[in-house]
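K.L.:
Single-letter residue listing:
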Amino acid sequence: MSVEPFWVQINESTLRQGDYLPGCLVPIPVFDPTNFGKNSEIQDVQIEVNELDLIVLTQSCDLDNKKVAQVVLCAIYHISEFEENNEAFKKKGKWNEVLRGRTEGLHLLASPTNPDNNKESLVVNFREIQTLPYEYVLKHASNLNDRWRLKSPYLEHFSQAFARLFMRVGLPSAIPPF
Amino acid sequence: MATITPLRPKGVSPSPKLLVLEPKATAQLQSPEGRKIAALADEVLRNLTVVKQYLQTLESIGEIDWQPVPPKRSERVMMRAQFKGRKKPLPYIFDEE
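Note that the protein sequences, when read in sequence, are chains A and B.
Heads up, the first sequence is in this note's numbering, so the first residue is 233 and it goes up one at a time.
Heads up, the second sequence is in this note's numbering, so the first residue is 9 and it goes up one at a time.
Derived from the structure by calculation, the hints contain no laboratory data.
It should be emphasised that the depicted structure is a prediction, and the values quoted were computed from it without experimental measurement.
It cannot be assumed that every hint is accurate.
[As the list claims (entries may be wrong)] Straight-line distance between alpha carbons at most 35 Å, and here's what the computed DSBU-like set of lysine-lysine pairs gives:
1) A:K383 / A:K371
2) A:K298 / B:K96
3) A:K326 / B:K60
4) B:K95 / A:K298
Just chain A, same shape as in the assembly (with noise of 0.2 Å):
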């Protein structure tokens, strides 16, 4: 049985939910914030960069309409990266759990390229969220020439995976099992 793409690829200027992002730059901040913007004077602090593939969580008619001045991103893995460190999921039957949605805050996508081997899939780690600006994660796509965009329905199902992880509530005490 033979998969269908899961992707389309694009070469535009334009942002959309579901856009893959491989190398984005995150800087993250590592000064110490209590001894910064004392006054307004200009101080050398220390950040880290970080190079990161990630995929657009933004809904694409706000990115569309300009309505956010910063874009929502995740982590997007190659499941070979994954399992480097993560030695649990090389098991027999644990990518199934996540192909099930078993796994909260995994969610897999079939290869770009080929979509039919699945040890190509990747994996999006909806616990590690990134946001950037507008102008800066739109550059950046702009620069990658060729890129990935992701189709319905698997776009909506990306999207709905998302929402189900930050709508999820938890009880304090449940019905017992039957």
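Assemble the complex: chain A is given as a structure, and chain B must be docked to it using the hints.
P.N.:
Frame of chain A, contents of chain B only:
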């Protein structure tokens, strides 16, 4: 082995339902002692199934956690920054009606 089945209501033709269920674990035991052993074995099997399901649940709960993947590249740099004060709220744009 002959089995007792309930009378089928008119117009309904389901598959016959056994009134006396055969033990799953040791169906071949027929003597009174044998049936006792079979019933006991069935109960043990049921309990073990529940324990197995519980252990599987515990195992899966224990495995769902994971570590974040480190970035492909990470560098610490010095940045010249100026504190510009507390940021004002952005203007809220209403949809055109």
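K.L.:
If a hint holds in the structure, say so; if it does not, say that too.
P.N.:
Now for the hints, and whether the structure bears them out:
1. A:K383 / A:K371: Answer holds: K383 of chain A to K371 of chain A is near 22 Å, not above 35 Å.
2. A:K298 / B:K96: holds (18 Å)
3. A:K326 / B:K60: holds (18 Å)
4. B:K95 / A:K298: Given pair K95 of chain B, K298 of chain A holds - Cα atoms ~19 Å apart, limit 35 Å.
Of the numbered hints listed earlier, not one is contradicted by the structure.
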